Structure formats: C-alpha cells, structure tokens
Amino acid sequence: MTELLTQPEMSFVGQVYMPEDTDQMGTFSACWDEFNEAGHFDKLDQQTDDPNRTYLLIFSPYGTFQYWIGSILPKDATAPAGLEKLKLPAGTIGQAVEDANGVLSMLPVETTYMKGLERLEKAGFPLPQHIGQTDHPYYLEEYCLKDGQVAQVKHTLYINLDQLEGYDEFD
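Going letter by letter, the sequence shown gives residues 1 to 171 in our numbering.
Zero decoy hints are in this set.
Listed below are the simulated DSSO-like cross-link pairs for lysine-lysine, each with C-alpha atoms no more than 30 angstroms apart in a straight line: (1) Lys85 <-> Lys75; (2) Lys115 <-> Lys87; (3) Lys154 <-> Lys75; (4) Lys122 <-> Lys87; (5) Lys85 <-> Lys43; (6) Lys85 <-> Lys146; (7) Lys146 <-> Lys43; (8) Lys122 <-> Lys146; (9) Lys115 <-> Lys75; (10) Lys146 <-> Lys87; (11) Lys75 <-> Lys146; (12) Lys43 <-> Lys87.
Quick list of simulated restraints, FRET-style, between CB atoms: (13) Glu3 <-> Asp99: 18 to 26 angstroms; (14) Gln129 <-> Gln46: 39 to 47 angstroms; (15) Ala151 <-> Lys87: 21 to 29 angstroms; (16) Glu84 <-> Asn160: 18 to 26 angstroms; (17) Ala151 <-> Pro8: 19 to 27 angstroms; (18) Glu165 <-> Asn101: 33 to 41 angstroms; (19) Asp99 <-> His130: 27 to 35 angstroms; (20) Glu110 <-> Glu165: 18 to 26 angstroms; (21) Gly63 <-> Gly148: 33 to 41 angstroms.
For the record, the hints were derived by calculation from the structure and aren't laboratory data. Values in this document were obtained by computation on a predicted structure and should not be read as measured data. Think of the CB as a built atom: it goes at the ideal place given N, C-alpha and C, for glycine as much as any other residue.
Starting from the given sequences, assemble the full structure and let the hints guide the process.
Structure (structure tokens):
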C-alpha cells in the first residue's frame, strides 16, 4: 500500500449539477460549455497561482451524487456571483497524476471516475468499498493548466483507513 498523502484545507468554487443534467451519452459536456461560456473560469483563475478546471463528485450513502464544475482554490477564496464555495476539509488522500492535453468532459462521468479509481489503485492506494459512506465522500479530477493549456490531470480521492469497509445498515 502506498502511504496516504496529507491534504490541507482548500476551497472548491463552482456550480453543482445533478445526474439528470447529463446528456443522452451520460456526459456533462453541455454543462462544461455553459460554465466556460459564462466566463466563470476567468474569474476563478484570478484567485489562484495554479489555475485548474476541476470536477468534484460528492457521493451520498444512497447511491446518488452531485457533480460540481469549478476550480480548486486557496481556502480564503471567494465565490463570484452565481457560484458557490465549498470547504474541502484537511484529510488524508490518494492522488495519481498523469500528463493530459484537455478536459475529458465529452466522456461519461462513470468512465472518467472509474479511470481515476484505476489510476489510484495502480498507484497503490486502498479504495473504500462504499465512498458514499465515508466522512469525506469526495473524488476530484483536477486538470492543471500551464501557460493557459491543460498540462496534467490529478485524480484525488479522500481516503480514511478506518472507513474502507462501509456498513450494511443505516442508523
């Protein structure tokens, strides 16, 4: 097993979408286009030295999820009009990084999420059996920009070694 990394507290600023916002292919591509065309990324880039295009999946214990489009920013960042700010807590994470040349918004979210989990598992990180039953049910796919272009992607999953198994019944 690869040793877990320590993630400091950060902010995620963006907009939430739900599974019913996907197109017939299961992608959030139109949502990405809408977010970008609204100029939101330009405003978010002004608040960080490390501009990024990120999606955040927040899983519930009941099998549903929220899909957020936005950016990872410093913890003191502010949300521009029309966007929301979420606190990403400090915690332990697994993270796999690879080169990339674009945001994979045209692929179904299940495909990119499963690819990210595969990368994390190959890197030696343990994966929780039921991510929605953990204290921090977050998966992030962060596309890091260099000179205005996507240069790499980071697959990040909050992992608590005491919560890998999940539970069978809800209290």
